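Student: Now for the letters of each chain:
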Amino acid sequence: MSRSPLPVSRRNLLAALGLGAGAAGLAACGAPNGSADGAESNLREGFSQADLTVPSEYEGRTPILFWAPFTGTNFEVLATQFAEFNESQDEIVAVAESVGSYADLNQKFTASLQARTVPDIVCFPELQWLQFHQSGALAPLDGYFDEEWNLDVYIQNYVAEGKAAGETYVVPFARSTPLFYYNKTRYIEAGLPEEGPETWEDLAAFAPELAKIEVEGRPLSAIAFGPDAWHGQADIWGFGGANATQDFQVTINDDKGVEWLEWMRKFIHDDGYGYLAQASGTDFASGLAAGWRGSTASLTGQTAATEGLFEIGTAYMLSKEGEQKQVPTGGSGLSLVRTDSQDRQDACAELFRFLAQPEKSAAWHIGTGYVPVVQAAQESQEVKDQVAANPNYGVALSQLENARTADYPNWDQGSVTEIGAAMGQVFGDGADPKQVLDALAATLQETLDDNREDYEAVAFEGWN
Amino acid sequence: MSITVRSPRTEPAVPSGPVPPEEPVGPSGGDAPMRQGRSERRRRSPQRRRRARRDALLFGALIAPNLIAIIVFSYYPALYNIGLSFFDWDFVAPSPEWVGLANYTDLFTDAGFGQVIVNTLIFTGVSVVGSLVLGLLLGSLLATKVPLTGFAQTMAFAPHMLPGAAVGILWLFMFDPNYGLSRWVFSLFGAASPAWTTTSDWSLWAITIAYTWQRLGFVTVICYTAILDLPKDLYEAAALDGAHGWKLFRHLTLPLLSPITFFLSITGIISAAQAFDIISIMTSGGPGVSSSTLSWMVYEEAFQKFDIGTASAAATVLLVVLLIITYVQVRYGDKKVNYDS
Chain E
1 MSRSPLPVSR
11 RNLLAALGLG
21 AGAAGLAACG
31 APNGSADGAE
41 SNLREGFSQA
51 DLTVPSEYEG
61 RTPILFWAPF
71 TGTNFEVLAT
81 QFAEFNESQD
91 EIVAVAESVG
101 SYADLNQKFT
111 ASLQARTVPD
121 IVCFPELQWL
131 QFHQSGALAP
141 LDGYFDEEWN
151 LDVYIQNYVA
161 EGKAAGETYV
171 VPFARSTPLF
181 YYNKTRYIEA
191 GLPEEGPETW
201 EDLAAFAPEL
211 AKIEVEGRPL
221 SAIAFGPDAW
231 HGQADIWGFG
241 GANATQDFQV
251 TINDDKGVEW
261 LEWMRKFIHD
271 DGYGYLAQAS
281 GTDFASGLAA
291 GWRGSTASLT
301 GQTAATEGLF
311 EIGTAYMLSK
321 EGEQKQVPTG
331 GSGLSLVRTD
341 SQDRQDACAE
351 LFRFLAQPEK
361 SAAWHIGTGY
371 VPVVQAAQES
381 QEVKDQVAAN
391 PNYGVALSQL
401 ENARTADYPN
411 WDQGSVTEIG
421 AAMGQVFGDG
431 ADPKQVLDAL
441 AATLQETLDD
451 NREDYEAVAF
461 EGWN
Chain H
1 MSITVRSPRT
11 EPAVPSGPVP
21 PEEPVGPSGG
31 DAPMRQGRSE
41 RRRRSPQRRR
51 RARRDALLFG
61 ALIAPNLIAI
71 IVFSYYPALY
81 NIGLSFFDWD
91 FVAPSPEWVG
101 LANYTDLFTD
111 AGFGQVIVNT
121 LIFTGVSVVG
131 SLVLGLLLGS
141 LLATKVPLTG
151 FAQTMAFAPH
161 MLPGAAVGIL
171 WLFMFDPNYG
181 LSRWVFSLFG
191 AASPAWTTTS
201 DWSLWAITIA
211 YTWQRLGFVT
221 VICYTAILDL
231 PKDLYEAAAL
241 DGAHGWKLFR
251 HLTLPLLSPI
261 TFFLSITGII
271 SAAQAFDIIS
281 IMTSGGPGVS
291 SSTLSWMVYE
301 EAFQKFDIGT
311 ASAAATVLLV
321 VLLIITYVQV
331 RYGDKKVNYD
341 S
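Each protein sequence line maps, in turn, to chains E and H. FYI, the numbering for the first sequence is 1 to 464, going by UniProt numbering. FYI, the numbering for the second sequence is 1 to 341, going by UniProt numbering.
No lab work stands behind these hints: they were computed from the structure. Predicted model, so just to flag it, every value in this text is computed and none were measured. Keep in mind that the hints are not guaranteed to be accurate.
[Claimed, not checked] Derived lysine-lysine pairs resembling DSSO-like cross-links, with alpha carbons at most 27 Å apart: (1) H/K305 - E/K108; (2) E/K266 - E/K434; (3) H/K305 - E/K163; (4) E/K184 - E/K384; (5) E/K184 - E/K212; (6) E/K434 - H/K305.
[Stated by the list, open to error] Okay, the calculated bits of chain E under chain H, using three or more residues with CB under 8 Å as the criterion: (7) 102 to 115; (8) 130 to 143; (9) 214 to 228; (10) 274 to 284; (11) 409 to 417; (12) 420 to 434.
Beta carbons are placed, not taken as given, at the ideal position from N, Cα and C, and that holds for glycine.
So that you can see chain E by itself, here it is in the shape it has in the complex:
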C-alpha cells in the first residue's frame, strides 16, 4: 500500500526548505485558517486516531476509521462496501462506525477535535464542512488525484461544493436532492394523474379530491410538512425568490419569500389541506398524508416501508406555475481529517479511490437512493435496470438537471436552524409570514455579515 503521491512529498520538502508563505500557497495549504496551528502539510501533530476495533483477520494492516453519519439500511450498504474494500487488498483495513445523524457527527467530531483524538474520515453535509476546514481540521485531497481518480469522474453539480480557495477538501459520496413523494395508490383512487403534481397550483387542485378519502376517520391530507430549511430553499426558489444574493444580501423577506410562506400558511390554516407533522415521513408511510418532501436518500427505505401498503410516486419538487424549478444539492462527501499519520491518510485516499469506482457508486445508489455521484455509474447497466424496475429512481436522477448549490444562509448550521424555526412558526402556528421573515432576515443578515470574510476566502466556484 503506502501510496505517497509526489505532490505531498514535494509539499513537505518545500515546507522543510522554509520557502515561506508563497511556497505554502503553492503547496496547496492556502486554507483561510488552515495552517493556524502551524501545520503545513496534511499532517497535524498531536491529533491521534480515535479508538477502533479491528477485526482479528485484518490485524497488522493500517487501520483507518470513518465516523459515518448513516444508520439503518444506508449504514448496512456502507458496511458491505467497506467489507469489499477490505477484501480487495491486504495492507489497509477500513472501519466504519455509525455515529447517528449529521448533527451527531457534528457534535462528536467537534468534541474529538477538542480531545485531539479524531477519526481519519468524516462526511459532512453540503457546505457545513467549511467550519472545520476553516479551523484547519481537514486535509486537501488534490495531491492524490491522478488519471484514474480525479474530480472529472464525478457529477459536476457536486464538485465545486467540495472546494475552497481552489483546493479540494471533499469528494462527492452520499449526495442527494429533495424530492416530492406522493401516494400513487391514493392518487389513482381519487382519479388524479398518476404522475403526481408539477406545481403548487396542481397540489391545491388535487387536495380537495384527496380530502374526500377518509383515513382514520379524517380527510386525507395532501401533504405533511416538515420545517426543513433544505425544503424551504427549494420552495423559495420555486416562487422566484432566494434566501440571499451572491453579494451577501439576505432577500428571504422580499415579496417572493413572503408569497411563498403566505401560500403555505393559507394552504394549511385557511384551506386545511396540509399540516405541520411531527414526523412527516412517518405520517406519509403510514398513509395519513398523501405527500411529503424527503431526500432521494429516503427512497429505498420508504419504498421498503410501504411495500404491500401502497405504491409510492415521486415528482420533482414543486414550484409555482411559471417559475423555474430548482432544488438545492444535499447530502455529503468524504473528507480527510488531518492527523499525525501519513500512512493512514494515504490509506484513506485509497478507500476514496475505491468508492469512486462506477460499480461501487452504482451499488451505493441502488442500495440507498443517494444519487450515483460518479458519472460512469449513471450509465451503468445496474442503474438502468434499477430505473426500469422502479421509475422513482429515474425521477431522482433526472431532477439533477435542476440541482444547484444552496444560497449562503444554508451554508451555516445556525442559520439553517433559524430558517426551520421560522417555517415551523408559519406551518404550525399560522404566524404572519411577513413578520416572521422580517425578524428572520435580520438574524440571517447578521450571521452572513459575520461569515462574509470566510465565505469570500472560499472563492466558491459553483455559482454558475
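Since the structure of chain E is provided, determine the placement of chain H on it from the hints.
Tutor: For chain H alone, kept in the frame of chain E given last:
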C-alpha cells in the same frame, strides 16, 4: 490552675483504656485561653501529634476522591463555562475571540430570550407544583392501604424508571392528533384533538404534562414512604380530639411532611430547570421558541448553532437563577419546615 469542663453526656461511666488529657479552658476574659492553648500544644506528645497527622491524612485520603470529582466535574466546568461566556467561539476555531459582555447584552436584548425565561418558569413551576400536589395525594391514597397497594406502587413509580427519551416518545404518540390517545379522548366530546406538539398554543403544555407525569412516580413513592413513617400516636390523639379526613391531612400530615416537601421542591426545581430529553424528543423547543427552556436553549445554541459564547452565557444565567431560587428556598422556606417529627 486549670479548670476542666467535661460533658456529663459523653463521659464514660467507667473509663476504659488510657484517659485522654483533659481539655484546659481558662477563665473568661484576657488572653488566657490563647496562652493555655499554646501551652497545651507544647505539651502534646509526639505520639499524639503523629496521630493527629495520621487522622488528617486519612481524612484527606477519604474525601479526596469525592472532592476531586466535584472539582473536576462540577466546579471546573462551571467556571470554564462562565469564562467561555465572554468569548465568541464555534468550538472548532483555533482561538476564541474575546467579546466581553457582548453575549450577555445580546441575550438580554433578544426578544426570544424573554420568552425562553417565561417558558422556563412556567415549565418548572407547573411541573414541580403539579407533581408535588398529585404526588402527595397519590402517596396519601396508597398509604390508606388501597387494594393492590404493591401493584399501585409499582405503577406509580414506573414513570420515574423510564428514560426521558422513552417518556417523550410515549407522549408523542399519545398527543398525536391523527392517531393518538388525545384524538380518542377529544373525539368523545365531538372535538378534534389539538396539535399538541406542533403549535405554540400547546407545545409548552405538552412537554410540561409529560415531564410532570414522569416526575410524579418519584414524588409519590417518596411521599408514600414518608407518610408511613409518621408517628401514629399523633394521629390517634388527633382522632380522639375529633379530627378526621381533610383536617388530619391539612393540620397534621402536611406539617409533618414539610421536610420531605421542602426537599422535593428544591430537587424538583433544579431537575425541571435542567430537563432536556423530553423537550428534545417532543418539540425541539418549537415551534419558534414556544417550548424552548433555558436548558434546551443552551443545547441549541451550543450544538445546533455552534454559538458557544451565547450558550455559555445562557448556561450562566441558568446557574445564577438556580442559585438564587435555592438560596431563597433555603433562607425562607426552611423556617416553615417542621423538623420535630
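Student: Confirm or reject the coverage of the stretch 409 to 417 of chain E by chain H under the rule of 3 or more residues with a beta carbon closer than 8 Å to the chain's beta carbons.
Tutor: holds (count 3)
Student: Taken at face value, is the distance from the CA of E/K384 to the CA of E/K184 at most 27 Å?
Tutor: holds (22 Å)
Student: If you count the residues of the stretch 130 to 143 of chain E with a beta-carbon closer than 8 Å to a beta-carbon of chain H, do you get 3 or more?
Tutor: holds (count 6)
Student: Can you confirm whether the C-alpha distance between E/K184 and E/K212 stays at or below 27 Å?
Tutor: holds (16 Å)
Student: For a C-alpha distance cap of 27 Å, please report whether H/K305 and E/K163 respect it.
Tutor: Answer holds: H/K305 to E/K163 is near 23 Å, not above 27 Å.
Student: Starting from E/K266, check that the Cα of E/K434 is at most 27 Å away, please.
Tutor: Holds, at about 13 Å.
Student: Apply the coverage criterion to the stretch 420 to 434 of chain E and chain H: a residue qualifies when its Cβ sits closer than 8 Å to a Cβ of the chain, and three qualifying residues are needed.
Tutor: n = 8 at 8 Å, threshold three: holds.
Student: Is the straight-line distance between the alpha-carbon of E/K434 and that of H/K305 27 Å or less?
Tutor: Cα-Cα ~24 Å, so holds.
Student: Quick check: do three or more residues in the stretch 274 to 284 of chain E have a beta carbon closer than 8 Å to a beta carbon of chain H?
Tutor: holds (count 5)
Student: Tell me whether the statement that chain H covers the stretch 102 to 115 of chain E is true, taking a Cβ distance below 8 Å and needing three residues at minimum.
Tutor: Per the Cβ count (6), the hint holds.
Student: Count the residues of the stretch 214 to 228 of chain E whose CB lies closer than 8 Å to any CB of chain H, then report whether that count reaches three.
Tutor: Result for this restraint: holds, n = 4.
Student: What's the verdict on H/K305 and E/K108, does the C-alpha distance respect the 27 Å limit or exceed it?
Tutor: holds (15 Å)
Comparing the model with each numbered hint stated earlier shows that all of them hold.
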